[in-house]
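Student: The numbers in the numbering used here rise by one with no breaks, and the one at position 7 of the sequence shown is 7.
If you are wondering where the hints come from, they were derived from the structure by calculation, not from laboratory data. Quick caveat, the model's predicted, so the values are computed rather than measured. Treat the hints with care, as some may be off.
To be verified - Distance condition first, Cα-Cα at most 30 Å in a straight line; then the derived DSS-like pairs of lysine-lysine:
| no. | residue 1 | residue 2 |
| --- | --- | --- |
| 1 | LYS182 | LYS29 |
| 2 | LYS260 | LYS283 |
| 3 | LYS356 | LYS36 |
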Amino acid sequence: MWLLELLFFGLTLFIGWMMFGYFLFIAFKGLFQNRKEPAFPESWPMISVIVPCFNEQSQILDKLNDLRALDYPSDCLEVVFADGGSTDETLAILENALNQEEPFRVIRCPRKGKINQINFALPQLRGDLVINTDVDARLSSDALKWIVAEFEASPDIRVVGAYSHPLDTLDLEHYYWDAQNKGRFLESEVWTASIVIAQCYGFRRSLLSAFPEDVVADDIYIAYLANTLGYRTVYSRHAISRETRSPQTYAEFLQHKFRKGNAFLRESLRFLYRLPEMDTFCKLMHGTRIAQQLLLPWMLLVWALVAGSLLTLFRVDLVFFAILFLLLLLLLTNRVFASVKLPGDPRHYSFSAVLKSFLMTLLLLLMTGLSYPFFRQSSSYARLPAGMTASDKPETV
Numbered sequence: 001m002w003l004l005e006l007l008f009f010g011l012t013l014f015i016g017w018m019m020f021g022y023f024l025f026i027a028f029k030g031l032f033q034n035r036k037e038p039a040f041p042e043s044w045p046m047i048s049v050i051v052p053c054f055n056e057q058s059q060i061l062d063k064l065n066d067l068r069a070l071d072y073p074s075d076c077l078e079v080v081f082a083d084g085g086s087t088d089e090t091l092a093i094l095e096n097a098l099n100q101e102e103p104f105r106v107i108r109c110p111r112k113g114k115i116n117q118i119n120f121a122l123p124q125l126r127g128d129l130v131i132n133t134d135v136d137a138r139l140s141s142d143a144l145k146w147i148v149a150e151f152e153a154s155p156d157i158r159v160v161g162a163y164s165h166p167l168d169t170l171d172l173e174h175y176y177w178d179a180q181n182k183g184r185f186l187e188s189e190v191w192t193a194s195i196v197i198a199q200c201y202g203f204r205r206s207l208l209s210a211f212p213e214d215v216v217a218d219d220i221y222i223a224y225l226a227n228t229l230g231y232r233t234v235y236s237r238h239a240i241s242r243e244t245r246s247p248q249t250y251a252e253f254l255q256h257k258f259r260k261g262n263a264f265l266r267e268s269l270r271f272l273y274r275l276p277e278m279d280t281f282c283k284l285m286h287g288t289r290i291a292q293q294l295l296l297p298w299m300l301l302v303w304a305l306v307a308g309s310l311l312t313l314f315r316v317d318l319v320f321f322a323i324l325f326l327l328l329l330l331l332l333t334n335r336v337f338a339s340v341k342l343p344g345d346p347r348h349y350s351f352s353a354v355l356k357s358f359l360m361t362l363l364l365l366l367m368t369g370l371s372y373p374f375f376r377q378s379s380s381y382a383r384l385p386a387g388m389t390a391s392d393k394p395e396t397v
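Throw the hints in and build the complete structure from the sequences for me.
Tutor: See the structure below:
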């Protein structure tokens, strides 16, 4: 009996930490941080913007106009469209639209795949800061300036991610993004964010010369690399990116999140053996993130089975107090997340949307963990259909 009770106690603590305790801890730790707010520098550094593209004829002109609208000195900017061998009209549209007076150019990469295209472009760039942005990202006009300002806050900052959110999608996807973004803000304000988002992020050229060819998620890899080496990753509140391709159906949502979850797990496990190199906070953060992906859904199932066994042994009191403990952590975590303000107008979600998100997340974690040994992908994959257009560009904040 006591072994079963001890197991139940340990499982309750584990689940409490994975689902709630981690966020409560970093929120509490953040209360004692004196984070320096970013400010525009007196002079602007040279930056290089990479736009990997492949068969983007429907969006490439909108992306070009999006970049043209950015407020950054043209003599300190170069924009490189890294084409992976498009077979549609992408190149023709670009070449017809580009002006020689603009700091924009197109390079033709010998191999498709986002990582291959970025690696081919990197040695040809002139900037000390590299900004990667996807074709389906629509940036606020001051996004580049705010990314530079974040870098200028500290030499320890090696990666900066723009705040990213989809434009037109399911409520379920909106809620998922809001919750994830709040978690990233909590991490970033304590010390360093666990990941950035591929739609738009920047890194110092000194951080790496090339991505490993088997990287699937460049946004996850770059943040893990910086954090492992003892540097910081910032998730910016001021640089804004909106995603125009997002799930429109539950089937698309599951497929999209499954692929993202597999990539996240793959890059997380890539750095598992390097945990001893990380500082204390990064050990805690990355260890928790890996445990959430691999263990949490299974621990919930085991917890439910053990709770059922204890109920048959008339230990209703133990199960009751465990549920009460988890509910208390849930309420505290909900208060913490409610206190984290996101850029733009706040969204409100029904209980059913929150419940759907929780159940979908558990399902996806189970699917990702079970399929990981058998499912492999590259950085070249089928895209979701486009949603909003350039007219829906976000306002500057």
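Student: Is LYS260 within 30 Å of LYS283, Cα to Cα?
Tutor: Answer holds: LYS260 to LYS283 is near 22 Å, not above 30 Å.
Student: CA of LYS182 to CA of LYS29, is that 30 Å or under?
Tutor: Within the cut-off at roughly 15 Å; holds.
Student: Are the Cα positions of LYS356 and LYS36 separated by 30 Å at most?
Tutor: Answer violated: LYS356 to LYS36 is near 37 Å, above 30 Å.
In the structure shown, a violation is registered for the earlier hint numbered 3 alone.
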